[in-house]
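Visitor: From first to last, the protein sequence lines stand for chains A and B.
Just so it is clear: in the first sequence, position 59 is 64 by the working numbering, and no numbers are missing.
Just so it is clear: in the second sequence, position 77 is 83 by the working numbering, and no numbers are missing.
In short, the hints are calculated from the structure, not lab data.
Honestly, I wouldn't trust all of these hints.
Pairs of lysine-lysine residues, derived as PhoX-like cross-links and limited to a Cα-Cα distance of at most 25 Å, are as follows [as the list claims (entries may be wrong)]:
1. B/K213 with A/K185
2. A/K45 with B/K217
3. B/K213 with B/K169
Computed footprint of chain B on chain A, listed as stretches where at least three residues anywhere in the stretch have a Cβ under 8 Å from a Cβ of chain B [unchecked claim]:
4. 134-141
5. 145-152
Ranges of calculated distance between the beta carbons of each label pair, as one might list FRET restraints [to be verified]:
6. B/A626 with A/M6: 47 to 55 Å
7. B/I350 with A/D140: 41 to 49 Å
8. B/P62 with A/T64: 34 to 42 Å
9. A/M6 with B/E563: 41 to 49 Å
10. B/S424 with A/P143: 33 to 41 Å
11. A/N95 with B/K198: 32 to 40 Å
12. B/A626 with A/D146: 51 to 59 Å
13. A/N95 with B/P251: 36 to 44 Å
14. A/P94 with B/K460: 43 to 51 Å
15. B/G334 with A/S128: 29 to 37 Å
16. B/K198 with A/P139: 32 to 40 Å
Remember, it's a predicted structure, so these values are computed and weren't measured experimentally.
Glycine is no exception: its CB is placed at the ideal position from the N, C-alpha and C atoms.
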Amino acid sequence: MIACDIVLIGVGGQGIVTLGDLIGRAALAANVPVSYVPTKGMAQRGGFVKVEIRLGRETVGPRVPEHGADLVVSMERSEALKGLRFVRPNSRFILYDHVWEPTGVMLGKDDYPSQESVLETMSQALSDVLVLNPDNRPIFDDRPVAANVFTLGAMFSTPILRESIDPRTMESVLLHRWPKASEANLAAFHSGVQEGDATEYGFSQFSGGRKS
Amino acid sequence: MGFALIEKGRDVNKQILTGNQAVALGALRASVKVVTGYPGTPSTGCLTHLLTLDLPDRHVEWSSNEKVAFEIASAAAWAGHRALCTMKMSGLNVAYDALISIAYSGTNGGLVIYVADDPGVSAGMPEQDSRGFALMSQLPMLEPATLAEAYKLTQTAFELSEKTGSPVFVRLTTAVAVGHALVETEEAIAPKEIEPILERDIARYTKAGSKICLDQHQALIDRLNHARRIIHKMGLNRVKLSKEPGGLGIISVGATSTYMNEALALCSRLDASEASSSRVSVLSVRTTIPFPSEEVKQLLGHCETILVLEELEPHVEQAVYVAAQQLGFTGSIIGKLDGTLSPIGEYGVAEVLKGLGACGLSPVASGGKPQAAHNEPQVPNVPAPQESATLILASNAGAGRPPTVVGPNGEPSSTVLSSAAMAAPRPITVCAGCPHRGTYLAIEAAIKQAGFAKDDVMVTGDIGCTILGMNPPFNLIWNEVSMGTSISLAQGYVHAGLKTPVIATMGDSTFFHGGIPGLINAIQHQVPLTLVVMDNGWTSMTGMQVNAGTDDAFQSEGRRVDIEAVIRGLGPDRVEVVDPFDLNATTKALTRCLAEPQGVKVVLAQRECAIQTKRRGIVAEYTTIDPDKCILCKQCLRVTGCPALSVAQDSIAIDASLCNGCGLCTEFCPTGALSNSRAEGGAK
Ligand code: SF4
Ligand code: SF4
C-alpha cells in the first residue's frame with residue numbers, strides 16, 4: 006500500500022472541499038485507507054480553504070505533517086504561498102494559476118504577489134512545480150470545464166496519486182456522484198490529466214508552458 | 007455527510023464519516039432517546055447529522071442555548087432514558103451553571119455531554135481546554151483519538167454514565183470532529199421502552215441545605231472513583247512497557263496518540279510498535295479525568311524519563327508531577343512545565359518530534375520502510391541532547407539537508423514563514439446579497455446623519471455572521487465577547503459616561519440564545535441605547551440551523567416564535583421594523599433612534615439569509631451593469647465590498663451566479679451604471 010499525503014489549498018467557492026470528498030470516495034471505492042480534514046473559515050466564501058488528505062495509512066492523525074506532503078495543490082496563485090510549509094524539495098506541487106483578487110487588492114489597498122515572485126519563492130522550497138494555465142481549460146457546452154475537476158485530472162497525472170488510486174476509479178466516482186453532469190465532469194477530468202501530462206514542470210513557464 | 011455504504015457483514019457498515027457523525031451514530035447504537043444541542047463549530051455536524059435521519063422514536067432538537075439543551079437532556083436522563091447534549095467548547099461555558107449542579111446530583115439514565123474543543127482555533131473564540139471544566143465538576147471525560155474511537159467511546163460513555171450514575175463527557179478536538187475517515191458502525195438500537203422514573207428525593211434532586219450539598223459532594227467523589235476503577239478494568243488507558251526497564255515513557259493524551267506513533271516511526275527504522283518494545287514505553291490516555299493513576303504509576307516505576315504530550319493546558323502533566331512526588335520518581339518530566347512544549351495551538355507530528363527531540367530522539371532522514379520512503383519529512387537531525395543519548399533509536403547517517411525549507415530544528419525557515427505573509431490578505435466579509443450589508447451601511451449612514459463621527463460611536467458586536475461588520479469595508483463593530491453580550495456591553499459604555507449614542511448589534515439566534523436578559527435589563531434600568539437585531543431567520547455562520555425565529559415551514563416540529571412580538575412584549579421605548587435592503591428607510595429609522603436621547607430603542611432589521619433564499623432558487627431582482635456608463639471609480643466596490651462585484655477590463659463586472667439583486671451597490675454608483683429591476687420598476 007502506497008502512503009500518500011496530499012494538501013489542497015484555495016479560496017472558499019473554488020470547490021476545494023468537494024475535491025477532498027471526491028478523493029475520499031475514490032479511496033473508499035479503491036479500498037485505500039483514507040482520512041481527510043477540511044479547514045474552512047465560516048459559511049462565507051472568499052476565505053482560505055485547505056483540505057489535508059492522508060491515503061494508505063490505517064490509523065493516522067488527520068493533519069499532514071509540516072514538510073511531509075507528497076502532493077500539494079493550490080488553486081489560487083497567492084494562496085499557494087501558504088502551502089509551502091507542507092513541502093519538502095521533492096514534493097509534487099501543482100499550481101492552478103488562478104488569480105482571485107481580494108477586494109482590498111481590487112481597491113488598491115493591499116498588494117497581490119506577482120506570478121514571478123510567487124514562483125521565485127516556490128523555487129526556494131521546491132525542486133519543481135507544475136503550473137496549470139486556467140485558460141487552457143477546454144470548452145464544454147459553451148463553457149470552460151470545471152476548474153476543480155480539471156485540477157483533479159492534473160493531480161492524477163502525477164505518479165504518486167496514480168499509484169495510490171487508479172484513475173479509472175476516480176472516473177467512476179465522478180460518474181456516479183453527479184450522473185447528470187457526468188459527461189462534463191469526465192471531459193474536465195480527462196483534459197486535466199492531459200494538461201498535466203503535456204505541461205513541463207519548472208519555474209520558468211510563467212503561464213503554464215507546454216511541452217512542444 | 008457519510009457516504010458509500012458498503013455492506014461488510016450482517017449488520018456492520020463500513021463508511022466514511024466525520025468524527026461528529028461517529029458520535030451521532032455511536033449514540034444511536036447506544037439507544038439514545040433525547041438529543042439536544044446548540045450549533046457551534048466544530049461540534050455542529052453531530053446533531054445536524056441526526057436531523058437528516060428518520061428517527062421516529064427519538065427526540066432531536068436544536069435548543070435555544072446550551073444551558074437549555076443540557077437541562078432538557080438531564081431531565082430526560084433523570085427520568086431514566088439515555089440523553090446526549092452537544093456543543094462547542096464555548097457552549098460549555100453557557101451550560102456550566104446547570105452542569106455543575108447536575109454533576110452533584112448524578113443521573114439515572116446515561117447522560118453524555120459531547121463537547122468539541124478547538125486547539126489551534128479554526129473558528130474563532132478562546133482556545134479553551136474543556137478538560138478544566140471536567141476537572142472542576144469531577145465528571146469523567148473520554149477523549150477519543152480517532153474517529154473509530156469516537157464511535158466506540160460514545161457508547162462506552164453511556165454505559166459508564168449508567169454504571170456510575172455520573173454524567174460523562176465525550177471530548178473531541180477539531181481535526182477529529184470535522185475530519186473524515188472510514189468507520190465501522192453497527193445497526194442503531196432503539197431506545198428502551200421504559201416508564202419514566204418519577205423519584206421524589208430532595209436529597210438528590212435539590213440543593214436545599216448544607217447537609218444535602220455536602221453529601222452530594224461525597225457522592226460525586228465516590229462516583230468519580232468508581233468510574234476510575236471501571237475505566238482501569240476496561241483498559242481504556244493503555245500502557246505498553248518496554249522490554250527492559252528504564253528509557254523513555256511517553257504519555258500521549260487523546261488525539262496526540264496518533265501523531266506520537268507517526269513521529270516514533272520517523273525516529274526509527276522500525277515501526278512504532280517495535281520501537282516501543284525496545285526502549286520506549288507508552289501510555290495512551292483517553293481519560294484525563296479520572297486521572298489514570300494506576301497506569302501512570304506503572305510508567306513512573308519503569309521509566310527514567312517521561313514525556314507528556316497533551317494539547318492546551320498541562321492537566322495530565324501536573325498530575326504526573328504529583329504522582330512522581332508521591333512515588334519518589336527521580337527522573338525528568340518533559341512537557342510544557344519545563345518549557346519544551348507550548349500550551350498554545352494544535353499539536354501534530356512537528357510538536358511530537360520537538361518533544362522527542364528534547365528526550366534525545368531524532369528522525370531518521372533517509373531509509374526507513376522502503377514503501378514509505380517518500381513520506382518521511384526530510385527534517386534535519388537534531389543533535390542528541392546531553393543526558394539521554396541512550397535513547398537514540400537510529401543513526402543520523404544519510405541526513406540530507408534541504409537548503410531553505412526548514413530551519414535547524416525542523417521549524418519552517420524564514421523563507422517559508424515570510425512567504426505565507428506575502429500572500430494577499432483575505433479578510434472575510436458577508437456574502438453577496440447578505441441583508442447584513444444593508445444594516446451596516448445604514449448604521450454608518452445614520453451615525454453620520456445624526457451628526458456624529460464613526461470613531462466616536464461605540465457599536466458593540468455579538469457572535470455569528472453579524473460580527474463581520476468588524477471587517478472591511480465596514481470597519482463598524484468594535485468588539486465580540488459571547489452570545490448576547492453586545493446589549494450588556496452597550497449598557498456598561500452608557501454608564502461609563504459616553505456622550506455619544508451607543509449601539510448594540512446581534513443576530514436573531516443570538517437574541518434568543520442570550521440576548522433577551524440583557525435587553526430586559528436595559529429596559530428595566532432605562533439605559534439610553536439602540537439595539538439593532540439583524541434577523542435573517544437562521545443560525546447562519548455554523549451552516550444554517552433552524553432557530554426559534556426560523557419560518558414555520560422549516561420547523562420540523564413545533565413552530566416559529568415571533569421575534570417582533572417578543573421584542574414588543576418586553577416594552578422598549580421605540581421599536582422600528584425595517585427591511586435592510588431598503589437602505590433609505592433603514593437609515594431613517596436608525597437616525598430617529600440615534601436622535602432620541604432617552605430610552606431603549608430597538609431596530610429589527612428583517613430579511614432572510616441570502617444563502618438560504620438562493621438555495622431555494624428565489625431571485626427577487628436582477629442587477630445589471632452598463633459598461634459604457636461605468637467610469638471605474640470603484641465606488642460600488644469600495645462601499646459594499648460585495649463579493650459579486652469585481653474589476654474587469656474597462657468596467658465593473660457582476661458575477662450573476664452570486665448576485666441576488668439586493669440593489670445596494672446601485673445606490674452608490676455616481677453615473678447610474680448599475681441598475682436593478684426593482685429600481686427600474688419604481689417599486690422603491
Ligand atoms: S445587487 Fe450589488 S450588492 Fe447586491 S448582491 Fe448584487 S452585486 Fe452585490
Ligand atoms: S460605482 Fe458605478 S461607475 Fe463607479 S465603478 Fe461602480 S459601476 Fe462603475
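Visitor: Confirm or reject each hint.
Guide: Outcome of the hint check:
| no. | hint | verdict |
| --- | --- | --- |
| 1 | B/K213 with A/K185 | 62 Å, violated |
| 2 | A/K45 with B/K217 | 51 Å, violated |
| 3 | B/K213 with B/K169 | 23 Å, holds |
| 4 | 134-141 | violated (count 0) |
| 5 | 145-152 | violated (count 0) |
| 6 | B/A626 with A/M6: 47 to 55 Å | 53 Å, holds |
| 7 | B/I350 with A/D140: 41 to 49 Å | 43 Å, holds |
| 8 | B/P62 with A/T64: 34 to 42 Å | 36 Å, holds |
| 9 | A/M6 with B/E563: 41 to 49 Å | 47 Å, holds |
| 10 | B/S424 with A/P143: 33 to 41 Å | 38 Å, holds |
| 11 | A/N95 with B/K198: 32 to 40 Å | 57 Å, violated |
| 12 | B/A626 with A/D146: 51 to 59 Å | 28 Å, violated |
| 13 | A/N95 with B/P251: 36 to 44 Å | 41 Å, holds |
| 14 | A/P94 with B/K460: 43 to 51 Å | 50 Å, holds |
| 15 | B/G334 with A/S128: 29 to 37 Å | 57 Å, violated |
| 16 | B/K198 with A/P139: 32 to 40 Å | 58 Å, violated |
Going down the numbered hints, you'll see the structure goes against 1, 2, 4, 5, 11, 12, 15 and 16, while the others check out.
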